[in-house]
Amino acid sequence: MPERISRLRQLLEPAGIDAFYVTNPENRYYLSGFTGSAGALLLTREQSYLLTDFRYTAQAAMECPGYRLIEVSGAYAAVLFQILKENGISRLGLEGDHQTCNQYFNLCKVCEGVEIKPLSDQVEQLRILKDGSEIELIEQAVSIADQAFAQILPVINPGVAEQEIALQLEYAMRRMGAGGPAFKIIVASGVRSALPHGVASAKTIAVGDLVTLDFGAVYHGYHSDITRTVVMNSLNMRQKEIYEIVLEAQMNAVATVKAGVRASDVDYAARSIIEKKGYGECFGHSTGHGLGLSIHETPGLAAKNDTILEPGMVVTIEPGIYIRNWGGVRIEDTVLVEDNGCRILTKTPKEKLLVL
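48 is the number that the numbering used here gives to position 48 of the sequence shown; each next residue is one higher, with no gaps.
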């Protein structure tokens, strides 16, 4: 944690501020290790403060030994202002992307005489590149999702509701140590598989259905993300054709990932294949996204994003084809960017459309 705080202070130097106020839960955890649901950090040039209420003071003392703990019994703004006055701080930066207008105006009102400067993505810039400990946690989150998928395959049968499959996935992941699912589990079958975010419903699986499962695990705060599409009992030629197109696009994008490549190049590697096969209009989302403490992080692997990939970035590769009133296919892996390529963290097979 001290190394992360030091890097943040260096990053903030050009902003001309004396202290930085952190309220986003993921950023708070990244910088302090605090897992409570209520709290804020104040980082001055020399001191690190953690503000929280009575419910979490004992927890904070255990989790954040490098922080000066301040118990808050009322409004955070008043306590913050008192600390600023005691330290002679007149210029405060805050996370502009994570403050409501009301919160910002209230801080300006309470912290009289303090120049308050909203900043954007300061901590998020640090979070883009994962260190070794973060990669290990993501690998474990990926492994949990892989194992859960293998365990619930026998559950997918005609007459079983999508919600039941989602429930069994969550149970399997929690049983293996996950803190919970990474997001609302997607189980979309039949014509619903054409919904990119078709959260599990009461619909039951039918023979011949394509079934898309998109889910992930959270492990010690870090997320995984995997999508696989299977077919129930009976496979037809069009389903096989669409699956093979998506697989080719996905594998081509994975093969493109390495340090020095633009995010847009990865998107093109997948999108160009789908377009060449005549299904470009059926692929309307980006090819992937970063992930870590949040399920969606920078960089987005999109056509207009020229971010250069660097070693230590963790991204998803997830092209799909969605045909309204017919169905859809998506295949997604989580990968780690390396100097000369990438390491595919997801181990669940994808080489052919699995017929259950």
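Note that these hints are calculated values from the structure, not bench results.
Don't take each hint at face value.
The list that follows gives simulated cross-link-like pairs (lysine-lysine, DSSO-like), each with its CA atoms no further than 27 Å apart [stated by the list, open to error]:
{"hint": "1", "residue 1": "K277", "residue 2": "K304"}
{"hint": "2", "residue 1": "K258", "residue 2": "K352"}
{"hint": "3", "residue 1": "K304", "residue 2": "K203"}
{"hint": "4", "residue 1": "K347", "residue 2": "K240"}
{"hint": "5", "residue 1": "K258", "residue 2": "K203"}
Between beta-carbon pairs, the in silico distance windows are [as the list claims (entries may be wrong)]:
{"hint": "6", "residue 1": "G208", "residue 2": "N102", "range": "25 to 31 Å"}
{"hint": "7", "residue 1": "A58", "residue 2": "D97", "range": "44 to 50 Å"}
{"hint": "8", "residue 1": "G96", "residue 2": "M62", "range": "18 to 24 Å"}
{"hint": "9", "residue 1": "V155", "residue 2": "R91", "range": "52 to 58 Å"}
Note that this is a predicted model, so its numbers are computed, not measured.
C-beta atoms are modelled at their ideal positions from N, C-alpha and C, and glycine is treated no differently.
Do the hints match the structure? See the list:
1. K277 - K304: This hinted pair holds, its Cα atoms lying about 22 Å apart.
2. K258 - K352: It holds: about 25 Å lies between the C-alpha atoms, which stays within 27 Å.
3. K304 - K203: violated, 37 Å
4. K347 - K240: holds, 22 Å
5. K258 - K203: violated, 40 Å
6. G208 - N102: 25 to 31 Å: Since the Cβ atoms of G208 and N102 sit about 52 Å apart, the hinted range of 25 to 31 Å is violated.
7. A58 - D97: 44 to 50 Å: With Cβ atoms ~31 Å apart, the hint is violated.
8. G96 - M62: 18 to 24 Å: violated, 31 Å
9. V155 - R91: 52 to 58 Å: Given a distance of about 57 Å, which is inside 52 to 58 Å, the answer is holds.
Violation of the numbered hints given earlier is confined to hints 3, 5, 6, 7 and 8; the remaining hints are satisfied by the structure.
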